[in-house]
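Spelled out, the chains give:
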Amino acid sequence: MHPILKLVVQRIALGLLLLLAVSLLIFAGTEALPGDVAQAILGQSATPEALANLRESLGLNQSAMVRYFNWLGGVLTGDFGVALTNKQDIAQAIGQRLGNTLFLASAAAVISVPLAIILGLVAARYNGRWPDKLISGITLSTISLPEFVAAYFVIYLLTQLFPIFQPVAMVFPGMGFWAKLQAVALPVIVLVLVVLAHMMRMTRAAVLNVMQSAYIETAELKGLAPMAVIWRHALPNAIAPIVSVVVLNLAYLVVGVVVVEVVFGYNALGQYLVDHVAKRDLPVVQAVGLIFAAVYIGLNILADVIAILANPRLRHPK
Amino acid sequence: MNAEFDHLLKSAAKGRISRREFMGRAAAMGVSAAMASTLLASAARAEGPVKGGTLRAGMAGGESTNSLDPALAASEVPFMVNMTWGEMLVDVNAKGEIDYRIAEEVSSNADATEWKFKIRQGVEFHDGKTVTADDVVATLKRHTDEKAQSGALGIVQGISEMIAEGDMVTLKLASGNADLPFLMADYHLIIQPGGGVDNPTAAIGAGPYKVVANEPGVRHVFEKHANYFDSSIAHADSVEILVINDNTARTAALQAGQVHMINRVDPKIVELLKGAPGISIEAVAGRGHYVFIMHCDKAPFDNNDLRMALKLAINRQEMVDKILGGLGSVGNDFPINAAYPLFDSSIPQREYDAAAAAEYYKKSGHDGSPIVLRTAPGAFPGAVEAAQLFQQSAAAAGIPLEVKVEPDDGYWSNVWNVEPFCASYWGGRPVQDQMYSTAYLSTADWNDTKFKNAKFDEILLAARAELDAEKRKAEYSEMANILRDEGGLICPMFNDFVEAKREEVGGWEADPNGELMNGRALVKCWLNA
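Line by line, the protein sequences give chains E and H.
Following the working numbering from start to finish, the first sequence increments by one per residue and tops out at 395.
Following the working numbering from start to finish, the second sequence increments by one per residue and tops out at 531.
Calculated directly from the structure, the hints in this document are not laboratory data.
Any given hint might turn out to be false.
Now the stretches of chain E that chain H is said to cover, found in silico as 3 or more residues with beta-carbon under 8 Å [said to hold, decoys possible]: (1) 185-197; (2) 244-255; (3) 330-342; (4) 350-359.
Where is the CB? At the ideal position from N, CA and C, for every residue including glycine.
Between the sequences and the hints, there should be enough to build the whole structure, so can you do that?
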């Protein structure tokens, strides 16, 4: 087997093992939540009889071990069960929400990743001069703004002052691609503002780091233009740290944007998870938790593999 | 009024000129803004409803966990959803009277132990079946089944026998209840085909709109039920509820015209929103109230002098001004206000009296250790600030309160009805009996003040079967006095429903029974073109 293929297979196997461990942690964590699902569903309207009835019909009287293995068995066959609270099929509900999450994340990524890398390269090229300071200044201020403040600002600017977009960004099945893009415009703008700085700064730092090397000096001495030096010689050698930061931000765009979802009423996974945590709807919390973990682990494996492929020393191990 | 003003009024009512323009021109003619506004509202009503279009509401109070099973409705959006597709036997209208819906006639025997509901002929469910007396009985029976976990269990439990015979439903009660028709207007008791036993979440009802898309926590879409029995309402072709829990986003959606009406406007922004073009704020006095509750059976609250000290140590007017932004009214330590039928307005208002509070506190012999008051941001809007105000006013009377802020998460399971002193809220009920029976009867499940008073119980049961309104009113007054002077309820304020709508919405009326016209705003309003 080719060493790289072996490495990839190894990583994936490790990832799966990690996912199994995470599933156990998620299950234990949801068990440890205070209060119970029956009480949370009935809320202020709970009566002792209603509580006892609900607990029984939800199967909360079984032991945690039994429930864990039942759950794991279901997950492995693609069956997440039904939500305790409204009896909707979880896999189906998550499928749609996950689609929305990925749609928003991709839209934000397609804009922010190239933009961040280009800005990072420009900043590195003009290191210490005004373009560098301007780019760093702007992106650092947008990342310093809490997401919801940025969101309210964007809402005010683009729906009230200049009514170009709609403040509520819900998307529905049956909406066309362009209609969807238009609906998510505001959250995309906010997310781009939030993730830009991190990736931009990392690109700049990694490239500047490489710029100290002897071969860059050689490239400069042979008369290459500064941008060409960066593009041809610095960037390929700085790819590994950049990719890991990009992937970290992609993962954030998938699992960490619940605040933005809430502010724009965007119907994606984060809001879905939070609602079900509040109601102690454990099967849903576990399912969404597992999906988020899988996204994180999967993207990190991807980052590893890209870093290996980009690095000749790792590509040709002795 | 002169002809010019008349013409202006008609144009505005028909929507030819905007409300803002109308108000401006009316002012130029020397008509006061309040007067012009009232005239416009009645003129718009006289113009009559406009049919068609899509009416949208943006609402807080929906979660992705919501179910379509009417028995389980517990928050605002499911309530509104049910009121849009469902129909009960009767409804309580804005004046507090019974509106006949699936039942077209209601009568009782002399001691109110047997009630007959005549079922309206030819009412059709969304699936084309006709509503029968059997469907009604099956529905009520389902709610009595504890497995259904119905929020109306307490209501239907008191019915000992249900009989369907032809087009007549007879309900026999264990003890007389003059308010039974009001209880049948409970929003959980939506009539479903076969009682909804086979599929409680099917959302097949006899209401004005059919469910087209149900995405809990996101949106609910409805289209008109073509064979709906009441042609006087359900004007829009389709209606939608968008769940927008974030206050700012909800307001922005209204301003941008993405929705036509919203519930729960934050009192803090009411003044700002009033200046926005095309938007009107509707503050409706309701029966909901924000409370601090003490467990009468736990030290130190088992001492009535201490309870009285705390009741005197709260500044009610300050709460209404600062917590409700003036959009509400002061409470009087019993859960009833003028929005209820048979309310006794002669009961003296309890005022903040630091000196008297200090005296009662001394008399109670309390050891002076801080009394812990638990609250949470979600106990009611402004609950943390209200507890702090209470702490300040009590401190002025020498009563040490310690405010403990609890997390929202788990508040209703770990604090409310568990800890002896905490902040809470009540939504109110259509009639006094139901409010008292739900939370102040010794045996009530939700007796969250652990108030147990034999005399109170006795009067409550006597009043329930009393058909003479005068006698009933006297009995309710006596109960109010007992609760006010001995109960564990500190009721500083009744909150208005604060809502907002766009000017193109016609047919709006203030309804004290519940938010957004008691959940019927989408059904009863229309869109002026």
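For each hint, the structure was consulted:
no. : hint    : verdict
1   : 185-197 : violated (count 0)
2   : 244-255 : holds (count 4)
3   : 330-342 : holds (count 4)
4   : 350-359 : holds (count 6)
Hint violations for this structure: number 1 only, all remaining hints satisfied.
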